[in-house]
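Participant: With chain R fixed as given, assemble chain A onto it according to the hints.
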Amino acid sequence: MDFFKLIDQLSEVDADVMGRFDSRRAVFSSLGTAAKRTALAATPLFLGAIFQKAYAGTTSTPVEVLQYALTLELFEQDFYAKVKASSQYAGASATDKAAIDQIKGHEDAHVALLRGAITGLGGTPVAAAPFKAAVFATLTTFNGPVYGTSQLGIAQLLEDTGVRAYKGRAGELLGTALLTTALQIHSVEARHASKIRQMRGQKPWVNPGDDAVLHPTYTSGVTGPTSTTTPFGYGIPAYTTASPTENNTTQSGVAITTALGATYTTADAAASFDEYLQAAEVLDASRAGGLVGA
Amino acid sequence: MPDTPRPIGSDAPQLAQPRYTPIKRRSFFMYAGATAGATALVLAGCSKDSDTTPASTNTTISLGTGDVGVLNYAYALEQLEAAFYAQVKGLTSTPLSPAEVTYFTQVAAHEAIHRDFLRAAINRDAPGKLLQDLTPNFSGIDFTKRTMAAGDSKLGILDAAKAFEDLGVAAYNGAGKLIKSPAYLVIAGQIVSVEARHAAYVRNLITPGSFAADDQVDATTGLDKALTPSTVIAIMGAFITQKLDASTVGH
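If you read the protein sequences in the order shown, they are chains R and A.
Just add 6 to the spot in the first sequence (first one is 1) and you have my numbering.
Just add 2 to the spot in the second sequence (first one is 1) and you have my numbering.
So here's chain R without its partners, still in its complex pose:
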């Protein structure tokens, strides 16, 4: 275990990592001594104590939030890896391939970043969250007219879900630099969602005219298990009530279409705010959870 590598990895997601040590001088002067005693410096418990102390109070379970994010990214990464290995992708235009390659590259980067951060916090990163091969086999077109049998149609669901999923847990990282990193990933997912939608001839933003508008990702209404443990081995917040649907036109108690002094259409009102999803909803069988597996 390389302490300096850990700091390096953490600094990639948390620029304030050095500031988190309540006394940098104390920690590092003691480490300087300890580093000479390689046995102590190489003890994971010793490092874990430093990091847990550094992050204590910022959030109750930063590792669990990061594990959740990693799960989503692994899932997307595997999906795009399967796309890239498919004959449908091989037959796509160079422009479309380039877009998929760029998106896949970002998912790869997110996976590496989150793995490093989780390791740095003393956790063991989630190993895998594969997209079900049997379901993938039903995606017979690259960009066909039916979203449910098209690779890009499912990509749109995954990206829009990712955008909603990050919002659902942002509050647990309140006031931390980890939040900034999560937001920086979140907006990239939104760019991806916009691009995939454009490739499909859909509007770049969520709207009632989407061909997939009746999919559970957009309509909400979770009926599945509400356990606070996941198949991935980490905990998630308890499910409360169904999150707002994507065609929601009331934000923070304000009726967007009528209460703002100007008249706005329901489509514009719905599209101007993306909604959030709780972890229990995202991992439910009706959504992404139902697509994870061997």
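Hints in this document: simulated from the structure, not taken from any laboratory.
A portion of the hints provided could be inaccurate.
Computed cross-link-like contacts, DSSO-like style, restricted to lysine-lysine with a CA-CA straight-line distance of at most 27 angstroms [to be verified]:
hint : chain 1 : residue 1 : chain 2 : residue 2
1    : A       : Lys91     : R       : Lys209
2    : A       : Lys147    : R       : Lys209
3    : A       : Lys182    : A       : Lys245
4    : R       : Lys209    : R       : Lys90
5    : A       : Lys182    : A       : Lys91
6    : R       : Lys103    : R       : Lys88
Keep in mind that this is a model prediction, so the values were computed, not measured.
Facilitator: Frame of chain R; chain A shown alone:
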């Protein structure tokens, strides 16, 4: 104008060793990113009109403190975006295609909704603290041009839209950690992803496939940009008549 680079711990000089250059590098990218993201807007601000800027008052308007400050900061951004798209939408002669006009009209509605929603929320939650109406200064934008050509001193419509949307994304990303109320954080998150959708759309219009290009999303980390309020306000300064002070936002 650029943000001050994060000090690497002046109380621990032993840290300034080669082993810690990754942290320095990260700070550098935040710094460099701010500069790169600002380029287009600074360019606009440097048009020849800047010598003859209408006499602006020397009074600086504070955005306020705490969460209200963050909301006013967002309100300032949305005022600017809404005013820009309203002007685009109102053009009697436009260089945009009919399809582009259709989508820009929707974007104009989204931004107007963001502006009006924030105004309503601030008036409800913090009566008397609402930032005043800002006066846009779009003298650095040529509304007859779709994009700027070589030799042009002003931004085209798409250039300006891209700059505003990317700036908005970076602004919300950077402001998130300043927010103390989870409810406001969720609202900010709900807005920023829509700005990112806009940004990806406009970028693709200018350069197909540039929705999340390496100049905006770091290819190594896969992270979008995040800027501090002071940096963003400094960039915005070229486009509004009033002088804003973001130094207390979130504090």
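Participant: Hint by hint, say whether it matches the structure.
Facilitator: Tested hints:
1. Note on A:Lys91 and R:Lys209: the hinted pairing holds, with a Cα-Cα distance of about 18 angstroms set against a maximum of 27 angstroms.
2. Taking the CA atoms of A:Lys147 and R:Lys209, the gap is near 24 angstroms; set against the 27 angstroms cutoff, the hint holds.
3. Between the alpha carbons of A:Lys182 and A:Lys245 the distance comes to roughly 26 angstroms, so the proposed pair stays at or under 27 angstroms and holds.
4. At roughly 24 angstroms between alpha-carbon atoms, R:Lys209 and R:Lys90 fall within 27 angstroms of each other, so this suggested pair holds.
5. With a C-alpha separation of about 36 angstroms, the suggested pairing of A:Lys182 with A:Lys91 is violated against the 27 angstroms cut-off.
6. Taking the CA atoms of R:Lys103 and R:Lys88, the gap is near 13 angstroms; set against the 27 angstroms cutoff, the hint holds.
Going down the numbered hints, you'll see the structure goes against just number 5.
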